[in-house]
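The residues making up each chain are set out below.
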Amino acid sequence: MPPSTSSDLTLSVNGEKYTLTVDHRTTLLDALRERLDLTGTKKGCDQGQCGACTVLVDGRRAVSCLQLAVAAEGREITTIEGVADGDQLHPVQQAFLDLDGFQCGYCTPGQICSAIALIEEHAAGWPSAATDDIRPDAGPPPLTPEEIRERMSGNLCRCGAYVSIVQAVARAAETKGAAA
Amino acid sequence: MTTATKGSVGTSHTRVEGRDKVTGAARYAAEIPFAELAHGWLVLSTVARGRIRALDTEAVLRMPGVLTVLHHHNAPRVDNDYVGLLGVPPDPSVALFQHDRVIHMGWPVALVVAETSEQAREAAEALVVTYDQEPHDVAFSAERQTEAYPVDGHAPGVVEKGDLEAQLASSAVVVDAEYTTPEEHHNPMEPHAATALWEGGRLEVVDSNQGTSWVAGELANLFSLDPASVRVRSEHVGGGFGSKGVRAHQVAAVMAATVLQRPVRVVMTRRQMFSLAGYRSPTAQRVRLGADADGRLRALEHQSLNMTSSVHEFVEPSAAASRAMYDADAHHTASRIVRLDVPTPTWMRAPGEAPGSFALEAALDELAERCGIDPIELRVLNEPAVGPVSGLPFSSRNLIACFREGARRFGWADRDPRPGVRRDGRWLLGTGTAAASFPAGAMPSTPAVTAEADGTFTVGVNAADIGTGARTALALVAADALGVPTDRVRVRIADSDLGPAMIAGGSMGTRSWAWAVTTAAEELRQSLAPGADIPPEGITVRSNTAEAIGALAQKERHSFGAQFAEVAVDPATGEVRVRRMLGIFAAGRIVNPLTARNQLVGGMIWGISMALHEEAVRDRSTGGLYGADLAGYHVAAHADIPHIEADWVDDPDPDDPVGIKGIGEIGIVGAAAAVANAVWHATGVRHRHLPIRPDRVLMAGGDA
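Chains as they are written, first to last, in the working numbering: chain A, 1 to 180; chain B, 181 to 884.
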């Protein structure tokens, strides 16, 4: 009997459990889009170079095209469909909408997921290449436009909406800071 | 109607589909579910020229899930002897699988169709294709000028006025410089994708394109179908930039759906896009400017060369960009092509103007230096009263107003013209400017505007919103024409059943659709009796703007702009950083300032990307590209882009009912030249070859 080329697994996405049989070759990205009909996560390059497929895996951003679905079992996956609170948009989504942080919209879910994680990473004190003082006790650097640009550089936007994306991330970070 | 509205056009409005885009609800072409969907995967040639000797389909057909393999022996026949909506014959490259010839590296040789995309991909990669390989030639350079010939594209190939050599000979100052721009690829974020199926005797195609009337017409012609039996939809489009017309993916999907009689989806991979989606040809340009000592031009020559495929003449009309800009007694412009074993290039954001303005506006900067006058004043001095070669009046020309406003906001008056004298730590600083222009036009469209019984209005117009905000702009335009608030207007677009309309291209989409929508909406408004009941089916008025557009007087019709850039150059690493950029445009009435600013800035970002980053390098030994992906081909990322401002001066088009000119492309024009001119100002070195890579900066030395 030839070895099996598929497996049964349970994926946890946006708080829901999905049990399905997947081809071992299926990426997390394709499982979300083709099997779970969660097409908000976009396929821009399928090789980890554009960021359009960014999702949150256990709260941290990851490109879902470079993960196999079978490796995502036991992780909590959050996609763009799961970041709003019902009808209430996430502050990052609201800021992208209000400040026109997109044009064609195809990189947008990835940009938004990336920005949500960025704000958490920054608040947790993670430095970036744009951070002047990277000593562990220095605390979070000011979230300047330069910091945002550096930390968002894994997410390409070919329409060139970068200026308004940076403004949207800054506004969302302020909103979150004010709410905290 | 007595509803008093302040007017929606000119006020910022978030995108009507914006919520769907930020929540992931907006579905793009590859995201519409179909029952019994099969997946096609294109197999591309691994040689650049030759003949297909054999395809070993037997082995592949036995693989799990494989349904069929289409190739030149068994694919449906197509007819590519026609002229489509845009008035040009198709690139024969879209006639897939019709013969055994390989035209370029990455030429489609087969389509493998399977139950799942994983099965299709594995089978496609397992398909053994053997070739009788022939020597290929992909070596583009200025030296190919001897084999080149001029071609009329959307502009005449050659336009000449006056005695060029005589005027150059009598000029006090002559600038004679060669410029090159590399092969550039559109790379919209959404890969090309189409699903085709036959339903009730009609061919249905769900696609990602810049015009469904256009694509439906091409498919009807290719497959010899009644145009009424082809329906193409394209609700959301993840960027186009000129690359999303009829291409291999739709044709392959239609063939497979026809053979299998079930829905088939074909999606290009990012790597496949580099050989199938079109691109901007590299250019080799020569500009000669002759001027009096005070800078007044006597001679302007602009020659451009680009490459095209062996099967289709595509000209990148870079020299045409000079024809509306500056007058000179002798004015010669010519765009030529040389045929090589490469894919056919296509329109890419500001075709002609983007590379052409780099050469012309960099040459102007060199002339300003040589004459010792300010680059803006040089342009003021050479501002033409009428079209320099046409003699036609300008519909409006507010270029100098753009420069004056831009200079004020950028702080140009304080600029020390000397190069290489400003430092900020390890960085050399400089500023540069350049002019921009792009043709303003309109094409016929046939929308319908319906007054619904519930008091709302539905606009059906076969527009495409590829990220331009067209859907939103048309809602604002229709609201004003109807005299109602925008929330009472619903806009339906991107469905060929809505009737023929202009594509999203040539910066003409929104203007063309808005004109036609305005015409229909105004007629509808006049026909509605106050207080009268509207029947359940509503009252619909259709318009067709063909006659009105055809009656437009001959004029030079263009948008204009002034670009300003400040750069920092590290002479130790060769790194160039753009620190700030400002563009001031005279581009007609701005319908939606929120989205317009975004689009203009996006164009300027393309200019930065063109100036510093983008370059597809063709391997002469294989005929293909090195690193044909988003790692090997760098498009500007967040960290490359500083704060950029775009604004405009008042410039309503006097002959357009809304005053629109079009803003899709003007933002990139002149932007690369402004950056290159700023690099000169920082370093004292002229960079005439794009992109201005670190190695080029280092090799050029400079005043470091």
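Note that these hints are calculated values from the structure, not bench results.
Careful: at least some of the hints might be erroneous.
To give an idea of the chain A side of the interface with chain B (calculated C-beta under 7 Å), a few residues [to be verified]:
1. Tyr18
2. Thr19
3. Val57
4. Asp58
5. Glu81
6. Asp85
7. Gln88
8. Leu97
9. Cys107
10. Thr144
11. Glu150
12. Met152
13. Tyr162
14. Val163
Built from N, CA and C at the ideal position, the CB exists for glycine as well.
Could you work out which earlier hints the structure fails to respect and list their numbers in ascending sequence? 1, 2, 3, 4, 6, 7 and 10
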